[in-house]
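Participant: I would like the entire structure built from these sequences, with the hints used as guidance.
Protein chains in written order, with this note's numbering: chain A, 116 to 589; chain B, 116 to 589; chain C, 116 to 589; chain D, 116 to 589.
Don't take each hint at face value.
A pair holds if it fits inside one copy or across any two, identical chains being indistinguishable in the list.
As the list claims (entries may be wrong) - Below, simulated DSSO-like cross-link-like pairs (lysine-lysine); rule was C-alpha separation at most 30 Å, straight line:
#, residue 1, residue 2
1, Lys275, Lys362
2, Lys541, Lys209
3, Lys540, Lys153
4, Lys531, Lys541
5, Lys153, Lys209
6, Lys481, Lys541
7, Lys209, Lys559
8, Lys209, Lys531
9, Lys481, Lys209
10, Lys559, Lys540
These are computed hints drawn from the structure, not numbers from a lab.
There are 4 protein chains.
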Amino acid sequence: LTLNQKSLSLTLPFQKSMEAMMNKWDCISPLDARYQDKELIEFLAENAFLRYKLRAEIFLAQALHEAGICSEEIVREIQQACSLVALSPEEVEKEEARVHHDVRAMVNCIQRRVSAEAKPFVHLCATSYDIVDTANAARFRDATLLVLVPRLQSLIAILKTKSELFADVVQVGRTHGQHAVPITFGFVLAGYVKRLQSCVDQLSLLAANLPGKLSGAVGAYNAMLLLQDWIDPLTLELRYLAQQNLKPQVPATQIVQPEPRIRFFHEICLAGGVMADLADDLRHLQRSEISEVGEEYAVDQIGSSTMPQKRNPINFENIKSIWKLLITRFQVIMLDQLCEHQRDLTNSASSRTYGEIIAFAAVMAKRMTRALQHIAVDTDNLERNLTLTRGLILAEPLYVLLALHDHPDAHEAVRKLTQQAIADKKTFQEALAAATDLQPYLAKFTPDQRRILEDPHNYTGLAAEIARGINDDD
Amino acid sequence: LTLNQKSLSLTLPFQKSMEAMMNKWDCISPLDARYQDKELIEFLAENAFLRYKLRAEIFLAQALHEAGICSEEIVREIQQACSLVALSPEEVEKEEARVHHDVRAMVNCIQRRVSAEAKPFVHLCATSYDIVDTANAARFRDATLLVLVPRLQSLIAILKTKSELFADVVQVGRTHGQHAVPITFGFVLAGYVKRLQSCVDQLSLLAANLPGKLSGAVGAYNAMLLLQDWIDPLTLELRYLAQQNLKPQVPATQIVQPEPRIRFFHEICLAGGVMADLADDLRHLQRSEISEVGEEYAVDQIGSSTMPQKRNPINFENIKSIWKLLITRFQVIMLDQLCEHQRDLTNSASSRTYGEIIAFAAVMAKRMTRALQHIAVDTDNLERNLTLTRGLILAEPLYVLLALHDHPDAHEAVRKLTQQAIADKKTFQEALAAATDLQPYLAKFTPDQRRILEDPHNYTGLAAEIARGINDDD
Amino acid sequence: LTLNQKSLSLTLPFQKSMEAMMNKWDCISPLDARYQDKELIEFLAENAFLRYKLRAEIFLAQALHEAGICSEEIVREIQQACSLVALSPEEVEKEEARVHHDVRAMVNCIQRRVSAEAKPFVHLCATSYDIVDTANAARFRDATLLVLVPRLQSLIAILKTKSELFADVVQVGRTHGQHAVPITFGFVLAGYVKRLQSCVDQLSLLAANLPGKLSGAVGAYNAMLLLQDWIDPLTLELRYLAQQNLKPQVPATQIVQPEPRIRFFHEICLAGGVMADLADDLRHLQRSEISEVGEEYAVDQIGSSTMPQKRNPINFENIKSIWKLLITRFQVIMLDQLCEHQRDLTNSASSRTYGEIIAFAAVMAKRMTRALQHIAVDTDNLERNLTLTRGLILAEPLYVLLALHDHPDAHEAVRKLTQQAIADKKTFQEALAAATDLQPYLAKFTPDQRRILEDPHNYTGLAAEIARGINDDD
Amino acid sequence: LTLNQKSLSLTLPFQKSMEAMMNKWDCISPLDARYQDKELIEFLAENAFLRYKLRAEIFLAQALHEAGICSEEIVREIQQACSLVALSPEEVEKEEARVHHDVRAMVNCIQRRVSAEAKPFVHLCATSYDIVDTANAARFRDATLLVLVPRLQSLIAILKTKSELFADVVQVGRTHGQHAVPITFGFVLAGYVKRLQSCVDQLSLLAANLPGKLSGAVGAYNAMLLLQDWIDPLTLELRYLAQQNLKPQVPATQIVQPEPRIRFFHEICLAGGVMADLADDLRHLQRSEISEVGEEYAVDQIGSSTMPQKRNPINFENIKSIWKLLITRFQVIMLDQLCEHQRDLTNSASSRTYGEIIAFAAVMAKRMTRALQHIAVDTDNLERNLTLTRGLILAEPLYVLLALHDHPDAHEAVRKLTQQAIADKKTFQEALAAATDLQPYLAKFTPDQRRILEDPHNYTGLAAEIARGINDDD
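Facilitator: Here you go:
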């Protein structure tokens, strides 16, 4: 997906006002303090929101001009007035304190900067949410396509590399935290690649299709129809949005239909869930008793303020923790699906926090990628764990092969065999050799089948093939 | 979408056991008592779950047979054993009390009913979730495509009819619960048609693509690869699933990738949200002071046990209430996205409740459709409310037209005019006539523009066109 | 807390109607099928709800009689009419189908069964929720105090027993899944005892104080004031409720103030969270690599349908899974806190599901208790794990003792020592012996201090004392 | 509740670093930008967190000194080092970038500022969460008791004033949005007073009892027991906490027991829910058709950027919107109840956001109070609405009085009467006069009873008494 990059630069960065200067440590949200991330501020901070709203006003003037309603000179005037060098957030804030309406305050500020001739064409026919919803669609899309998705793709890239690298490294598979049957570590990662890729595909699509609008106070194009001698309302809306790479979804009310936005944020949560699931796996694989995976530690890194020996999986813990923020904050977006009549504003404060979900997900993706780059796999421990149950993880192939060789109650026979092995503290292979009733069946096994029962490395199914095949789809 | 209807009838209905007989009033869940719905029991009750699992076992045997691993006779034996005339849920429950494993209990019951020759081929190579996840995908899909989606389509159909019927019935548009500018009642409904249709389209797709699996205990096809002399594992899985109109998503772990299921249930919540939003609107339109809409009451219907005059919007209240159940229960599905390693079972109890979401949504859709069939629109009250603010809802076109006729500060001028009208208890038209400073502009208005300022019926934008156009897309 | 047990038996059990007979396998909710629990049906099923509502009507008549408004004979008539032998849920359901109002339907059914003289006194002055909210308060309280709390107390009892039993069994403490410093297994359980006890204390109080009401349609006692010649409204309410061991909370609206109910259900969630937290710990302690704890398996128990050797922590997984149901379902109760004006009914369907939270918690508590009774602790593995990091878990006391002996940078010195030990594959004690720069400090250590550094069993703090002290508070 | 105010001033405010200077518009969270609130920054911002942690370190040193472990001079050194003039958040951040551990970084920074002699006593024996959990308990308590609770009390005060002011102003009561029976507007507010007061009482208690800890890395006082020659661990903990007005809850793990914190935040949500419920009521009372309540508008205030006549209930909408943020964010605190073994850190990021809930609630309370101060009640519209149904809201007293005068089927008789009145477009009183079959009963009514049927002002029950009585409890 390519974006209209030019449109992004229509307005210059804000001039920093000394009045509102503060220290990032004065912030309450970790997104503004501890996890502050310049790339996200660009799209998700309060002033980014203003910048996108000003852009929308410029595009509205442009669309009016193209319809012959106002002159090119007027567009240029409005564009200059919307330049953030001229128009600071403080100015809008002061005007809002007077008129108690955020968008009208912005419009008033623009109007003050243009000639009497241009004034009437500022915000003409538009309702606040023709600007706000459009600006939000554009900036949520941009934050996603220009920051979040690229970060997720970097994560997928490192996962693919590791998946191939560890395609043949045998690991015991675990279900219920118990040893099940063997897989390879690359196979584990391959599963996450596929799941994450599917989220990225969906998310890119959903981001690119977030709808904007220009249909007026109740969505029925009432004001726009007053311009019908110049242009029909649906065409005006299409042109206004096309310049911002957006499309309408007809009919809207005062606001866009909420479902596309909900699906979009839901998909971010799903991507977050895949990252958290992987983080959880890697975290448990770092347990002292398992130790198959480790984060490479910086020389000076400290694990505990009181236990000098500690090395904690803090990155993976952090990622799981942020996931909890994602899915709980997502609820508010589901609650905001309901809106009385042509709109009530009981989503006024809540909708100002939506961007935090994108920000948290982007923070997760960056940290996950960095953590994976530094991951260390301990093959000694992988081998030790693989043989921990002394062959019992080969109970499954024994049962299946017995069944294939016509044993009438194979599962039960093998279940008893494993119980016997545990009771007698024997290896699976020793217990099998001692099981006289099974020998007639074993005699019929092929050499390949016998090899599987001797060594769990021979019973990894298609794990390695799947791990290596992860790049084939590209 | 067409379903393999034949496959549904592979097994006969369960024999009712007298032992487990109970009264529906003994149930705790309203889905099993007050809202009991036969059509849903078919897919979502405990015995439906068993029936779908038995079907999956039959299809597994069939797939093994087609690969040359067992005879057709064996498939027939297994199919007969899986018949619910023979195999009751009580029997499985008793076996489970012995072995403490639900799927193994079912497999044991089947094996008892077949010859020693057939025994080994029952459930051969499969892990429990090759059966369970596949059965759930099939029954969730069937409940959706055969019950929920048809109900939603009936709802859309009645909404379309009403949308056309009321396409030209003018209603005041409301934002913040305040009168804004006029629309038509058909336009309101048209918006819901579009939103609901979009959910149904997505939902049908998501339901039809719920993945099943046959990839064994950790998703690496370990056991299935033991059959490679007959058939390769991926082909075996494809065939097993194809018979059930399902597809795999590779790689799985012990369980299918959770994301397709989460998206599916999320879309049900969105459809529920659209219904709840509409219900909320209609509920408020029934307020004593608004009274634009009413549920037609049965002659004997009672609104209150103590206030004999009451007529309450109970259907719409009920629908909003169920929506709250949907979105909160959906959370558990989001939480279940995380699963340790190749799977843990901390979703064991929670996943047994997923079907309730489909059931509640189906109950909503049925009730919403019924309520809409009996909706009454009070045109007298629509007219009364339209003129309640005595023309002030025409402030917007006045401001836009003034601006188009070059008034340099039209919004502010009109805001003051409306304040004056309120203060002087005049109609908007009277106040406008008295505003001498605006007369030069008004003089330039066209007759059509003046007509708009005289009567809100002339300022409905494209509302009627959009309402009438709602069937054009088909 | 003692309950008015007599009041519970005022009405006989329902006659089972053959019409509504069904099989529990026809149920959608696992609470009605797989997890069906007779003790809970008594309070939480649909017919229990009806029984409590009928009881409330009897108590209302009794209160009217005591005020001199109606005769004792009339109370007796109403009491007989409310007997469930006479009045079946089917009858109420049929009447509701006619009048579309559940409580009025019930009232009509009662009225049909009494003389013309008694008729006016059935439900006199009451609004539906004077009955419904009161019945719910009573049955939620009874289900809690008679089933859930006793089950939680059984759980606490077994936890206390085990806490004392394992008070001195040393276990490595874990933070971030990494070995930290030693504790004892009894200490772990003691923590859960305290947390659970605190929840039970709160819950008992909250259950006993769930408010009922008798204040009429909008909470202002409008209808009740019509009786002022006989009795003042607040006294009438107190008497009506006192007979049911309930108290009012003035003022109500049509419904009781929601906050006491929300706090009550929240506390159930907290108790569930403590159980889930314990379950999670025990589940991880059963991991193949850790194996410090095991569920004792039945001889015939099967862990996997394909892996005959598996032994899965299914009870603890199930308990964590139900916790997810609790906390997500609780959300709906929080959403229902809001209610428009004197009440809207957008909690109609949702409030019918509240009891499920009590039921799920009771199922959890029962299962947790059973699982803990059969828990096995593997002391060999506890010892093995304690020494797994070869003494590194003693880094903390070394650092503290060095500091106490005036080492200026003890934490850093010990951190480097542990890194060296790992690099050199030495034990902590060997590395310490080799650390020449630390010897001057060590020389000053007391014999007791040296003993701690030799053996982690000597560094368990107050763990054992706390574990043994757990019964002291009683 | 009185706080140890002196302890708050132990450390001076941070020096602002120019390096980290930013504009509040660069913030993503509305709490840091649009809703920035100086009073809350004091307790909830990142630097407030650091300040409270530094205070805890000072109190730890003080407690060690009191036990005779270190000199008073050392405490003074540590206290000076912890002064924020000396120790900036930037410095800690830089050290954390080196050691990757936030608390250790802080400790290192302190140690650098003290003599070699004092170094060992900085943070001695403490684990990070002995500091962090204690600091959080103290600052959450302070933010609550010094900001949130006073704001809620101001809100209660204004509600009480208005409740008395409007104690006798009759309003139609509404259930299901339908006219029910009369109340008074003061009665409505009185209900909110009681509910909110109950939340404030609970919240103050819960805030004051948030536990701190000083029990070491796994809660067993392992390190503290090394100091037993000077002081026993439980006494040390008590003294450390007592200085901060905190108490322990034994046993903890590495972290405090989570339940007290969850109950505390839950109560904030409940208070938020009461505010949102009130806001919702007032919002609907501002609907164009109802207009019983209005926010007094500033002269220059603008309701819509396109509709100059609009006056929107934006304050009440905003308050409801923030409530959605509260209850959804609260979920994360419920999820964080679970923590593996002696603690995992999957609540690392999430716990950094807890303070946002307090902040949002404080923003709500402030705005609600301000909005209520400017509320206008339109008595004309109250009267108009009261008579809107032309007397039908008196159906209830008629039915009750008929019953009291022995009518055998009073509810049904009155239900039909009201239907007839509607059909005939008569007032209730006209229809009653025409109902010949009821006249014999009416003849028996007392003059007072008849007065009630003539005028809804006479049927307000105890509404006025309750409204006036709201201050009696004080």
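Participant: Now, for every hint given, state plainly whether the structure supports it.
Facilitator: Quick rundown of the hints versus the structure:
Taking the shortest alpha-carbon separations for lysine 275 and lysine 362, only the inter-copy value of 24 Å comes in at or below 30 Å, while the best intra-copy value is 35 Å. Taking identical chains as interchangeable, the C-alpha atoms of lysine 541 and lysine 209 are never at most 30 Å apart, the minima being 81 Å within one chain and 33 Å between chains. In the homo-oligomer, the alpha carbons of lysine 540 and lysine 153 never lie at most 30 Å apart, since the shortest distance is 60 Å inside one protomer and 44 Å across protomers. In this homomeric assembly, lysine 531 and lysine 541 come within 30 Å of each other (Cα to Cα) only inside a single copy, at 13 Å, whereas the closest approach across copies is 42 Å.
Taking the closest pair of Cα atoms, lysine 153 and lysine 209 come within 30 Å of each other both inside a single copy (26 Å) and across two copies (18 Å). Taking the shortest alpha-carbon separations for lysine 481 and lysine 541, neither the intra-copy value of 48 Å nor the inter-copy value of 37 Å comes in at or below 30 Å. For the homomeric pair lysine 209 and lysine 559, neither the shortest alpha-carbon distance inside one copy (89 Å) nor that between copies (36 Å) is at most 30 Å. Proximity of lysine 209 and lysine 531 under a CA criterion of 30 Å is satisfied inter-copy only: 21 Å between copies versus 80 Å inside one chain copy.
In this assembly of identical chains, the alpha carbons of lysine 481 and lysine 209 lie at most 30 Å apart only when taken from different copies (20 Å versus 37 Å within one copy). Taking the closest pair of Cα atoms, lysine 559 and lysine 540 come within 30 Å of each other only inside a single copy of the chain (27 Å); across copies the shortest separation is 47 Å, beyond that limit.
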